Amino acid sequence: MIIQTRRMKSQKYRRLVNYIMSDRGRVRADNTFTICHNLRSTDTEEIIKEFVANDTFRKRRKRSVVAYHEMITFSPKDADSLNLEVLEDISRKYIELRGDRALCLAVPHLENKSLHVHFCFSGTEYRSPKTLRLDNKAFRELRLEMERFQQEQYPELKNSLVYLNAWEKQQVKEQGKLQLSAPEEQLKKRTGKATDKEQLSSLVQHCFQNSASRDDFFQKLISEGLELYQYRNKVNGLLWKGRKFRFRTLTLTNTQLAQLEKGMDRMAELRRIMNQKSKERGLER
Numbered sequence: 001m002i003i004q005t006r007r008m009k010s011q012k013y014r015r016l017v018n019y020i021m022s023d024r025g026r027v028r029a030d031n032t033f034t035i036c037h038n039l040r041s042t043d044t045e046e047i048i049k050e051f052v053a054n055d056t057f058r059k060r061r062k063r064s065v066v067a068y069h070e071m072i073t074f075s076p077k078d079a080d081s082l083n084l085e086v087l088e089d090i091s092r093k094y095i096e097l098r099g100d101r102a103l104c105l106a107v108p109h110l111e112n113k114s115l116h117v118h119f120c121f122s123g124t125e126y127r128s129p130k131t132l133r134l135d136n137k138a139f140r141e142l143r144l145e146m147e148r149f150q151q152e153q154y155p156e157l158k159n160s161l162v163y164l165n166a167w168e169k170q171q172v173k174e175q176g177k178l179q180l181s182a183p184e185e186q187l188k189k190r191t192g193k194a195t196d197k198e199q200l201s202s203l204v205q206h207c208f209q210n211s212a213s214r215d216d217f218f219q220k221l222i223s224e225g226l227e228l229y230q231y232r233n234k235v236n237g238l239l240w241k242g243r244k245f246r247f248r249t250l251t252l253t254n255t256q257l258a259q260l261e262k263g264m265d266r267m268a269e270l271r272r273i274m275n276q277k278s279k280e281r282g283l284e285r
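With the UniProt record's numbering applied, the sequence shown covers 1 to 285.
Read the hints as simulated data drawn from the structure, not as lab findings.
Keep in mind that this is a model prediction, so the values were computed, not measured.
Glycine included, every Cβ here is placed at the ideal spot set by N, Cα and C.
Be careful, since some hints might not be right.
[To be verified] Simulated DEER-style distance windows between Cβ atoms:
#1 ARG7 with ARG248: 38 to 46 Å
#2 GLU46 with ARG243: 22 to 30 Å
#3 LYS188 with LEU144: 32 to 40 Å
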């Protein structure tokens, strides 16, 4: 990801807020998100008023910063791996690290393949004269911290790494690929056949592709004769031929698992609606 910042030294909130909100008019309401952090309203005019009101707590100095316009941009090559849930999660993490006590408006712009999120941070914390200023060293550390978060939570976004060093980037590139040990490589070369790990990874991906929810996925794995193993009450992977395999080792990413969670949430909501309708029909009788 590329993280950019621009300091605003005049009260041009209206122009910035209108620009950030402009993408909402080009996409469906259910195909975007708006984060109003420490803001009471979601209305554009009211948001502008809140930024102006908070600015009254700023100490008046020459060329002091009124607001920060910041942006996170991702590589077009990662567009297929980015969805609204991922973008919003990364955006909320950035707000947490950058200015959790400030006012912040964040909206993604999705009009082209170069997906990016715009942020408007107040120049000071909420109802406080304390500024959000970061020196170059602190801002560099913020960028690194965000990429470490991306690396850990969304390793599939391999093309959007900018600030990590070469060794760290290589570690990320190796994630999402099935890693074979030296003995496994030798066995494969000698027999010309897929290893146990490769066969298991292929089976896991097949079950995932045909699953509508997390429970459905687990049930399909069990029906294939596989055993789930847990750690701290969370299913982490599979037991097979006396060995433990984490889902991550079998190239099932956090994003894919999150998609299954979402599917399960949708099914639970549908069941709730159906139960509610059944109760209503019973009352009508």
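Kindly indicate which numbered hints from before are broken by the structure, ordering the numbers from low to high. 2
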